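Residue numbers (the working numbering), protein chains in the order written: chain C, 96 to 557; chain A, 6 to 252; chain X, 1475 to 1670.
These are computed hints drawn from the structure, not numbers from a lab.
Keep in mind it's a predicted model, so treat the numbers as computed, not measured.
Don't take every hint at face value.
Said to hold, decoys possible - Partial list, derived from the structure: chain X residues whose beta carbon lies under 7 Å from chain C:
1) Met-1475
2) Ser-1477
3) Leu-1485
4) Thr-1585
What the hints assert, rightly or not - Taking beta-carbon pairs under 10 Å as the criterion, some of the chain X residues facing chain C (in silico):
5) Arg-1486
6) Ala-1487
7) Val-1545
8) Thr-1556
9) Pro-1565
10) Arg-1566
11) Val-1620
12) Thr-1639
13) Val-1652
14) Ser-1660
15) Val-1666
16) Gln-1667
Unchecked claim - Between beta-carbon pairs, the in silico distance windows are:
17) C:Ala-196 to X:Ala-1530: 47 to 57 Å
18) A:Arg-169 to C:Glu-344: 15 to 25 Å
19) C:Ala-487 to A:Glu-32: 26 to 36 Å
20) X:Gly-1483 to C:Gly-264: 44 to 54 Å
21) C:Leu-486 to A:Arg-169: 35 to 45 Å
For each residue, glycine too, the CB sits at the ideal point set by N, CA and C.
Listed here are the chains, written in short residue letters.
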Amino acid sequence: MSGRQRVDHAAASAAFIAAGDHLEFHDRRLWELRSKRDGEAHGIPEWETLRTLASAIKEHTLTHLADYLEQFERNATANGMVVHWARDAAEHNRIVHELLASHGATTLVKSKSMLTDECDMRAYLEPRGIEIIETDLGERIQQLDGEPPSHIVVPAVHKLRRDVAGVFGRTIGTDPSNHDVPYLAESQRIDTRPYYLKARAGMTGANFAIAETGSFVVCTNEGNADLSANLPPLHIASIGIEKLIPKVEHLGVFVRMLSRSALGSPITQMTSHFRAPRPGTEMHVVLVDNGRSERLGMADFWTSLKCIRCGACMNTCPVYRRSGGLSYGSTYSGPIGIIIDPSMDLKKYSALPYASTLNGSCTRVCPVRIDIHQQIYKWREVIAERHQLPLAKKEAMRLAGQVLARPRLYRAAVEAAAAGIDKLPRFMVYNPFNAWGRQRELPAAPAQTFRQWYLQQRGGSK
Amino acid sequence: MKVALFVPCYVDAFYPEVGIATLELLERLGCEVHYPLDQTCCGQPLANSGCHADARATEALFVRNFAGFDHIVTPSGSCAHHVREHLTAIEQRPEVSAVRMRTFELAEFIHDVLQVREFPWAEFPHRVGLHVGCSTLRGLNAASTSEIAEPPFNKPRALLAAVRGIEFVQPKRPDECCGFGGTFSVFEEPVSARMGQDKVGDHAQAGAQYIVSPDMSCVMHQQGCARRMGLPLKFIHLAQVLNGARA
Amino acid sequence: MSSREWILGRLRANAPAPVALPELPRFDPPAGDLLTRFAAALERMGGHFGQVPDGAPVEAWIAEYFARAEVVASATREVRGTREVGAGGDPRALEDVDVGVVRAAFGIAETGSVWLSEAELQVNALAFLAQHLVVLLDPRAIVPGVQDAYRDPRFQTARYAVLLTGPSATADIEGVLVRGAQGVRSLTVLPVQADA
Chain C
96 MSGRQRVDHA
106 AASAAFIAAG
116 DHLEFHDRRL
126 WELRSKRDGE
136 AHGIPEWETL
146 RTLASAIKEH
156 TLTHLADYLE
166 QFERNATANG
176 MVVHWARDAA
186 EHNRIVHELL
196 ASHGATTLVK
206 SKSMLTDECD
216 MRAYLEPRGI
226 EIIETDLGER
236 IQQLDGEPPS
246 HIVVPAVHKL
256 RRDVAGVFGR
266 TIGTDPSNHD
276 VPYLAESQRI
286 DTRPYYLKAR
296 AGMTGANFAI
306 AETGSFVVCT
316 NEGNADLSAN
326 LPPLHIASIG
336 IEKLIPKVEH
346 LGVFVRMLSR
356 SALGSPITQM
366 TSHFRAPRPG
376 TEMHVVLVDN
386 GRSERLGMAD
396 FWTSLKCIRC
406 GACMNTCPVY
416 RRSGGLSYGS
426 TYSGPIGIII
436 DPSMDLKKYS
446 ALPYASTLNG
456 SCTRVCPVRI
466 DIHQQIYKWR
476 EVIAERHQLP
486 LAKKEAMRLA
496 GQVLARPRLY
506 RAAVEAAAAG
516 IDKLPRFMVY
526 NPFNAWGRQR
536 ELPAAPAQTF
546 RQWYLQQRGG
556 SK
Chain A
6 MKVALFVPCY
16 VDAFYPEVGI
26 ATLELLERLG
36 CEVHYPLDQT
46 CCGQPLANSG
56 CHADARATEA
66 LFVRNFAGFD
76 HIVTPSGSCA
86 HHVREHLTAI
96 EQRPEVSAVR
106 MRTFELAEFI
116 HDVLQVREFP
126 WAEFPHRVGL
136 HVGCSTLRGL
146 NAASTSEIAE
156 PPFNKPRALL
166 AAVRGIEFVQ
176 PKRPDECCGF
186 GGTFSVFEEP
196 VSARMGQDKV
206 GDHAQAGAQY
216 IVSPDMSCVM
226 HQQGCARRMG
236 LPLKFIHLAQ
246 VLNGARA
Chain X
1475 MSSREWILGR
1485 LRANAPAPVA
1495 LPELPRFDPP
1505 AGDLLTRFAA
1515 ALERMGGHFG
1525 QVPDGAPVEA
1535 WIAEYFARAE
1545 VVASATREVR
1555 GTREVGAGGD
1565 PRALEDVDVG
1575 VVRAAFGIAE
1585 TGSVWLSEAE
1595 LQVNALAFLA
1605 QHLVVLLDPR
1615 AIVPGVQDAY
1625 RDPRFQTARY
1635 AVLLTGPSAT
1645 ADIEGVLVRG
1655 AQGVRSLTVL
1665 PVQADA
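Input sequences plus hints: build the corresponding full structure.
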């Protein structure tokens, strides 16, 4: 994930596919989540109306975001929270570090926050003497394995139990030959618990921030966010500015949709609402921009800010399920990653919009009606216009554009293709340089093209 | 009814029988079918790659070839979808809008415009896995999909259901993309091939003898995978079945 | 310029054309008795719906159900337990609690959730540090759906409020569901009417 070299999704996907049973599980598990989502969504007669409402509430909020952020800050401050503003990832990390340092906190327990991954917070804090414990089980596995999370909801979905047993065996002292899942989960529970009790600071993200009440909401299943927030004397919440919604009553739409879309479960086991610090403790919110205000100004792409991070698009995407989140080289992968990442680094992520068949399934499962596959299509135009296509592809398209616009050249090409395939020796057709032929046969050569048949059978033009 | 036939390049080159079946079928259904001889491509592979400037001349040629016809019909959902939704590299003059609006994929044309449901000459006594490509399915709204709860409908299936002897099998993931995706099939070959293998494997385990589709581009990819895998699946276009092909 | 001014300025400069805020309709709930729906939803999320025989003391029920529990910490007046939980206590002192006992303010039939704030918990961490949680719920205090819960005025004033739905859980390792992740291992709701 470091450096500005273009992420090669296709090459990364080949490695993932070659890994055998990992792919089979990954695809099956995420399709299962997609199917469970279908069951929940189809069981609510008003589901499509909820999607429309959720989309409109988000679009309204985003088009008035400055006002709502000011309202949030006013109310949160009146509640006793301290609100900080971070222009970018670096400023977020500095603010967090200063808070920890000023409170004498050298251990931080944190629950899942894609924003902190986006800001690469751990890489900033650890050299400065902060021990960070990822408490979400999936995030903890990835942290101990030195890998980023691969999915925004189920961070270690690309691993099998034997991989987890290996990681825990190397790091927290479990028996590496014991692959029993409850044993591994219990081991992480026992290993993590002392940290909640000793840490002087806890950190969460937020799924929603509510302007009306100056409060924020954290949705989890494991209980780790509530332990991270309710034990230490300092609670820091990192919140992307796009998480704002106007009123508490709007949670009646979003909370109904989030877990159903993500996991096919009606609600998360814990849905926690923080409005004010516990007496004698401190609660700090860091509101983060990091490119969001810029994205708001992109006419074709600003609605990607509606995203509530459910991951439904990843679960349905047939490409994501067969390539794994790590192949996208970014905190945000799958369909939503494809439309967000190029706005953060066009060159590095210029191949991602091509990691799609434009099949449109993502758009149909998105609870906030982001037109994801249409935005993928539009990013391709931006990439071509800004000269970010690989040279070979750019040239091929330029030549194709000339041939396809000239009937005689086109006909010559079609007739050559139709005749040529049979005549070439097999080794010339099926070799590593012919991508089509690696795992597929080419079509057979017909006796005539359609046009040749038409002229012969139906005479001249009509 | 006067209809202009648009034959996509891969049909012209590799599957002329699909173009022939389409022509004959439309004539059987009472259409006067014209085939503009200078047609080339609709520009989709260029536009889908983001190369709209490179697509301009091709799209302009398409409009020139097909202007003045009441209906333009093509045995390809992705081409029809591109023309209707994305033919925007050129200036949108009235004649461009007219051509765009009047372009139809074959099954939707028969179902919605001709409104034909009977094909008494057709017989296809085989177990069939129906594959509707994603451009046809979600792009042109040819059928309801599993993501959204709505009263079920399926235009290609409604037409094929009238064919004597046909028996549909039910794959586990009926509307998952097969992985062709145009240039995706080459530039993201590992995932594309895997998706194709999974798709044909699904139809095979459901008991399909034939995969029938209104989309030959998907078929080209699936057939390529199935042959390399040594699966006994056969492939045929919806036009051929409706036109009376027995196998 | 402060980051705050910078961010707000950019948001105002870049704002797309305003979109109106929609009115929120109220959707009809599915048919069915609220308590029955609640119990089914709770069980589905891994919680237990207990039944205390009429008139029997809840204290005794808990003692029997959790026979091996040494520390029963209650935040309710109705159940004494072995330790009283009072507001302002150090949350870390609850580390050894086997069974926590709380009374929920209300429940939600749609999901099997119970609502608890600092008023019901006394110490927020009780609902997460205890190994097991028993939640008393007045069966008359069940709202049909999540949409109804979020119209409750207590969300405006509670410092902390949690909708708890069953015990903690995870399926992060190979999709295998484990109930009892890092929070409570079990959650039992007892339908007991609140005193006036």
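Comparing the hints with the structure gives:
1. Met-1475: Result: violated, 10 Å to nearest chain C Cβ.
2. Ser-1477: Since the shortest Cβ distance to chain C is 4 Å, the answer is holds.
3. Leu-1485: holds, 4 Å
4. Thr-1585: With a closest approach of 4 Å, the Thr-1585 of chain X hint holds.
5. Arg-1486: holds, 5 Å
6. Ala-1487: holds, 7 Å
7. Val-1545: violated, 16 Å
8. Thr-1556: Since chain C brings no Cβ nearer than about 21 Å to Thr-1556 of chain X, farther than 10 Å, the hint is violated.
9. Pro-1565: holds, 5 Å
10. Arg-1566: It holds, given that the least Cβ distance between Arg-1566 of chain X and chain C is near 5 Å, below 10 Å.
11. Val-1620: holds, 5 Å
12. Thr-1639: This interface hint holds because 5 Å falls under the 10 Å limit.
13. Val-1652: Since chain C brings a Cβ to about 4 Å from Val-1652 of chain X, closer than 10 Å, the hint holds.
14. Ser-1660: This interface hint is violated because 12 Å lies over the 10 Å limit.
15. Val-1666: Where the cut-off is 10 Å and the nearest Cβ of chain C is about 23 Å from Val-1666 of chain X, the hint is violated.
16. Gln-1667: At 25 Å from the nearest chain C Cβ, Gln-1667 of chain X fails the 10 Å test, so the hint is violated.
17. C:Ala-196 to X:Ala-1530: 47 to 57 Å: holds, 55 Å
18. A:Arg-169 to C:Glu-344: 15 to 25 Å: violated, 58 Å
19. C:Ala-487 to A:Glu-32: 26 to 36 Å: violated, 44 Å
20. X:Gly-1483 to C:Gly-264: 44 to 54 Å: holds, 52 Å
21. C:Leu-486 to A:Arg-169: 35 to 45 Å: 55 Å Cβ-Cβ, so the 35 to 45 Å window is violated.
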